[in-house]
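Asker: Chain residues, written in single-letter form:
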Amino acid sequence: MDDNGINKPPRWVDWFLEWYCQQELIEEIQGDLHEAFNKRCHKVGKSRARWLFVADVVRSIPLMTANRKFLFNSLFASNVILLGYLKSVLRATLKDRLSTSINLISLVIGILTSILIILYINYELSFDNFHPKADRIFRVYSSTLLEGSETTWAKTPALLAQFLQSQIPQIENTVRIVPVDRTIFSAGNQNFKEDGLILADPSFVGMFNFPVIKGQGVLEPNSILITNAIAHKYFGEADPIGNTISIDQRINLTVAGVISEVPFNSHFHFDFIAPITIANTLFQPDFLENSINTTVYSYLELQPKSELPSKEIMERVSEKYSSTKIPGFKNTYNLQPIKSIHLFSDFGGEFEPNGNIQSIRIMITISIIVLIVACINYINLSAARYSKQLRKIGMLKVIGAGRVQLILMFLTESLVLTTIATFLSLILAYLLLPTFNGVVNRPLTFSNIDPSFLLCISLITLLSGAIVAVYPSLLLSGRKPYELFKSQGIADPAFIRKFIITVQFAISIIFLVVTLTMKKQIEYVQNKDLGFNRGALIILPIEKFLNKHLESLKHELLSNSLVTGVTKTSDIPGEMNWVTSIHYEGIANDFKLPKMAFLNTDANFVQTFGASMVKGTNFSTNSNPNPEYIINETASQFFGWDDPIGKELTTIGGGKGIVVGVVKDFNFKSLHHKIEPLFLSNIDGNASFLFIRVNPTRIRQSLTSIQETWNNLFPTYPFEYFFYDNYYHQLYRSEVQFSTITLIMSLLAVILTCLGLYGITSFSVEQRKKEMSLRKIFGASASNILVILSMPVVKVIFIAEVIAIPIAYYLTSRWLNNFFFSTDLSWWIFLVAGMIIIILSLFTVGYQSVKASLVNPIKWIRHE
Amino acid sequence: MDSLGNLEEVVLLLVLYLDEAYGVSVADEYYKQLDSKISIPAIHTVLRRLENKGMLTSKMGAPSPQRGGRRKRTYQATKYGLKTIDQIKKNRLRLWSKIPELKLGEG
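Protein sequence lines correspond, in order, to chains S and U. Under numbering that gives the first Met the number 0, the residue at position 776 of the first sequence is numbered 775, and the numbers go up by one with no gaps. Under numbering that gives the first Met the number 0, the residue at position 20 of the second sequence is numbered 19, and the numbers go up by one with no gaps.
None of these hints come from the bench; they were simulated from the model. The structure displayed is predicted, hence computed values, not measured ones. Certain hints may be false.
Which stretches of chain U does chain S cover? Using the computed rule of at least three CB atoms under 8 Å from a CB of chain S, they are [as the list claims (entries may be wrong)]: (1) 15-25; (2) 41-48; (3) 68-79.
Here are the simulated lysine-lysine pairs, DSS-like style, with alpha carbons at most 25 Å apart [said to hold, decoys possible]: (4) S/Lys-304 x S/Lys-132; (5) S/Lys-45 x U/Lys-36; (6) S/Lys-794 x S/Lys-768; (7) S/Lys-769 x S/Lys-497; (8) S/Lys-614 x S/Lys-663; (9) S/Lys-38 x U/Lys-36; (10) S/Lys-769 x S/Lys-391; (11) S/Lys-594 x S/Lys-663; (12) U/Lys-31 x S/Lys-38; (13) U/Lys-82 x U/Lys-97; (14) S/Lys-391 x S/Lys-479; (15) U/Lys-58 x U/Lys-78; (16) U/Lys-31 x S/Lys-45; (17) S/Lys-553 x S/Lys-543; (18) S/Lys-497 x S/Lys-794; (19) S/Lys-519 x S/Lys-668; (20) U/Lys-31 x S/Lys-42; (21) S/Lys-86 x S/Lys-391; (22) U/Lys-31 x U/Lys-88; (23) S/Lys-614 x S/Lys-668; (24) S/Lys-663 x S/Lys-673; (25) U/Lys-58 x S/Lys-38; (26) S/Lys-86 x U/Lys-36; (27) U/Lys-52 x U/Lys-82; (28) S/Lys-527 x S/Lys-673; (29) U/Lys-36 x S/Lys-42; (30) S/Lys-7 x U/Lys-36.
Covered stretches of chain S (chain U as the covering partner; in silico rule of three or more C-beta atoms under 8 Å from a C-beta of chain U) [stated by the list, open to error]: (31) 29-39; (32) 50-59.
Heads up, the beta-carbon is just placed ideally off N, CA and C, and yes, glycines get one too.
Chain S with its partners taken away, still in its complex shape (with noise of 0.2 Å):
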């Protein structure tokens, strides 16, 4: 009640009234409303009035637009047919359950991938975004010429970063990380191995945004700074500040600060920041002085506001440090933005190995393409449910709905369905998430999106809605009314459903063949042999100091009965990415030096690894003065040596020496490469591992005593191991993970095809109801009819098979070449997908053509 006693309508309502009548209406028909409205409230009660305030209103707009403009009134003119239309819509589409369920359920899964992928693309680009300092932050990379071709090195010399700040002005800072991994840590009387540790410059800690939680933070040249997790694994509760670590069990750190956690969308990560200046104690004097090689990741923080440095400028600076400090090589350094490194880096020596533009682009297309095969799902199915409604248009059209009407009517009744689905998928996304982030590996949520998202999602919503309405639109809006009443034939030429169910078919043919391509390849490379003995193989790092006493380890490992080889390595057959220049007999005097993949080992390598010589003998025992080399057939076919035994070879680390052997050819890398050219060398250095062959049916108790082995002789250092099969199989990680996202997208493509088959399938049956009857009745029998409805869904899939073989064909082979080593492209692949299909369809369809073949004829012509 207002002063005067009189009751007040709906505000909002009034307010809308207000704005939307002409003036020269809006005396008489607010005030009558409101008249009313006072009446009503003490008829009825207020709220009762105010209901029907809101009704007179909503029924005053064609009253008010009457004499507006030619637009608004088509669009509000006659809104009695809108309402009319959407109440019919919203009858038939709670009566057509199936109808609708299934368009529900098909724009849900193609709304629901769009949202998840959509949040993954979100996080990719979100990389290194929380340095406020980001745009201005440039990785420095290195890019060798060399006769012709470019490598690229993310590292660059330990004194470049200074050069070039004294050579640029908007230069501001600079700062060098070098990683350190397996490095023995002790606090306390804990030993700890870590691969966590970053040795940096000071600004560090300025120009990155790693928020500290406890202490100063600032990196003395004694301090170190931990994270809150190495916090509680060294300290425990207490107060970690002012304790002491040690490196190496020799470079003492006070601990003047404690990080939170390094992110996951940073392109490196680290549980230990320590001074740049213990590099020179921690692994050579005059690491810090070298100028050539590439030792350190170099970043640059420019001032704000400033140019980034030209190409040219940077190629000139580039050869100023080369000629000064490198006489002989030509480098050529380049900047990188920080935000860019993890999408688009992709250089030798990486940090992390980064994410991948690449799978980006694959995610996005994955997306709409289930997208799209969703709404065509949508299409398809309208198009038979508009084929019953022509005469109800075409009434429409009758009583006054004009083109622009229609189209609202298809659009309303499209966006519809389109929200509610959107509402489910944002629900399903929310609760499928935590597995989702499992399949892709990233801690995807919801807590920190942004309007964007919301817009995107707005956007995919309101694109999905209208690609569906396009059909009937385009279709049914303009014709004249008595074309509607006419015939069927217009709204769904039966070509157009069979095309579409086609091109799904083949989509889903396509993604079976995909994935059991890539099943059989992941099998065919974890299975195969390789050359030598994968099983009870035990691998230890071994730390550098460890080497002195590694003959007194390999001694006692022997003398164990479980154990039946042991042998040292400098690189594990897998990656080894390592390469050296040789010299050998009968190279062509300008021929310029090779590299060649080599192994540092023993004479136990052959016995323990399992592999086989062919020619000439293994390593000798006894010292030789003059070092041994063993090739590999490849090798020896390189050198074009018909008899390798006593040539010469010389390498950079082993000097002179002469081959004693050949090793059968086995795969020292990933089955992605082709077997190259090795060599095995037996110089007393620094050897990286251990590999251990036990007995394979003891491994348990094998691994039991080795490590008891290991606490007798080096009590200080943790004990590590890893079996070699288990390294083996993470080769192909990458590999695994995608054939696992491409399942995926065939069970959904399935699914969705199947459901569209449902759909259409459904409505032929009715269709030909009056067909089957008469068939029924002048001798069908039930299994003829299953036949004759079959038939047209199976000569679809045939047509779909031939489309898709050719282009399932293309991309297998297309990924199959990243493997030199592979499996053949077997055609029963195909054959095993299109069944699969065909089985599914024939469920699909076999429920429907059952009940029709069952069902008495005559009820069906009667209805007629």
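With chain S's structure known, arrange chain U on it following the hints.
Answerer: Just chain U now, with coordinates in the frame of chain S:
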């Protein structure tokens, strides 16, 4: 002579005998007489249509507090409207008179 729809005819009749014929009063009287609810905008539409056909004229009346100070538009029948409705009545009565008493009594 224009023809009148059923609702138009009823509304015209109401306007003829109501003292002050405007949206609310016609709607109320309609409900009172015919025991069937009708929305005010529907009445508005019919009144305006009748005016467009020339059977009614309208003028703006006095403001009133129940209307928050807004004026109301009241309607009156024109001569043409009177003539039309009279003709309709005459036609109806003539037809009614032809139906024998007996038939009317049943059902």
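Asker: All the hints need checking, so say for each whether the structure fits it.
Answerer: Hint-by-hint comparison with the structure:
Residues of the stretch 15-25 of chain U lying with their CB closer than 8 Å to a CB of chain S number 3, which satisfies the three-residue condition for coverage. Restraint check on the stretch 41-48 of chain U versus chain S: 4 residues with Cβ-Cβ distances below 8 Å, three needed, restraint holds. Note: the stretch 68-79 of chain U has 4 residues with beta-carbon separation from chain S under 8 Å; the three-residue rule is met and the coverage holds. Pair hint S/Lys-304 plus S/Lys-132 holds up; C-alpha atoms about 11 Å apart against a cutoff of 25 Å.
The suggested pairing of S/Lys-45 with U/Lys-36 holds, with an alpha-carbon distance near 18 Å, which does not exceed 25 Å. Distance hint between S/Lys-794 and S/Lys-768 is fulfilled; the C-alpha atoms sit about 21 Å from each other, no more than 25 Å. A distance of roughly 21 Å separates the Cα atoms of S/Lys-769 and S/Lys-497; the hinted pair therefore holds under the 25 Å criterion. Straight-line distance between C-alpha atoms of S/Lys-614 and S/Lys-663 comes to about 9 Å, which keeps the hinted pair within the 25 Å bound.
For the hint pairing S/Lys-38 with U/Lys-36, the CA-to-CA distance comes to about 15 Å; that is within 25 Å, so the pair holds. In summary, the hint linking S/Lys-769 to S/Lys-391 is supported, as the alpha carbons are separated by about 23 Å, within the 25 Å threshold. Note on S/Lys-594 and S/Lys-663: the hinted pairing holds, with a Cα-Cα distance of about 20 Å set against a maximum of 25 Å. A distance of roughly 15 Å separates the Cα atoms of U/Lys-31 and S/Lys-38; the hinted pair therefore holds under the 25 Å criterion.
For the given pair, U/Lys-82 sits about 23 Å from U/Lys-97 by alpha-carbon distance, which is consistent with the 25 Å threshold. Distance restraint check for S/Lys-391 and S/Lys-479: the Cα-Cα separation of roughly 13 Å lies within the 25 Å cut-off, and the hinted pair is therefore satisfied. Using a Cα cut-off of 25 Å, the hinted pair U/Lys-58 and U/Lys-78 holds, with the two alpha carbons roughly 16 Å apart. Annotation: proposed proximity of U/Lys-31 to S/Lys-45 holds, straight-line Cα distance about 21 Å (limit 25 Å).
Simply put, S/Lys-553 and S/Lys-543 have alpha-carbon atoms about 16 Å apart, close enough for the 25 Å limit, and the pair holds. With a CA separation close to 10 Å, the supplied pair S/Lys-497 and S/Lys-794 stays within the 25 Å bound. A C-alpha spacing of about 20 Å is found between S/Lys-519 and S/Lys-668, which places the hinted pair at or below 25 Å, so the restraint holds. Note on U/Lys-31 and S/Lys-42: the hinted pairing holds, with a Cα-Cα distance of about 14 Å set against a maximum of 25 Å.
Between S/Lys-86 and S/Lys-391, the direct Cα distance comes to roughly 13 Å. Compliance with the 25 Å bound is thereby established for this hinted pair. Taking the CA atoms of U/Lys-31 and U/Lys-88, the gap is near 22 Å; set against the 25 Å cutoff, the hint holds. For a cut-off of 25 Å, the pair hint linking S/Lys-614 to S/Lys-668 stands: about 22 Å separates their Cα positions. Proposed proximity of S/Lys-663 and S/Lys-673 is supported: the alpha carbons are some 14 Å apart, at most 25 Å.
Note on U/Lys-58 and S/Lys-38: the hinted pairing holds, with a Cα-Cα distance of about 23 Å set against a maximum of 25 Å. Taking the CA atoms of S/Lys-86 and U/Lys-36, the gap is near 21 Å; set against the 25 Å cutoff, the hint holds. Distance restraint check for U/Lys-52 and U/Lys-82: the Cα-Cα separation of roughly 13 Å lies within the 25 Å cut-off, and the hinted pair is therefore satisfied. The straight-line distance between the Cα atoms of S/Lys-527 and S/Lys-673 is roughly 14 Å, inside the 25 Å bound, and the hint therefore holds.
For the hint pairing U/Lys-36 with S/Lys-42, the CA-to-CA distance comes to about 14 Å; that is within 25 Å, so the pair holds. The suggested pairing of S/Lys-7 with U/Lys-36 holds, with an alpha-carbon distance near 23 Å, which does not exceed 25 Å. By the rule of at least three residues with a Cβ nearer than 8 Å to a Cβ of chain U, the coverage given for the stretch 29-39 of chain S holds, with 9 such residues. Check result for the stretch 50-59 of chain S against chain U: holds, 4 residues qualifying (beta carbon to beta carbon below 8 Å, three or more required).
Violated hints for the displayed structure: none, as all numbered hints are satisfied.
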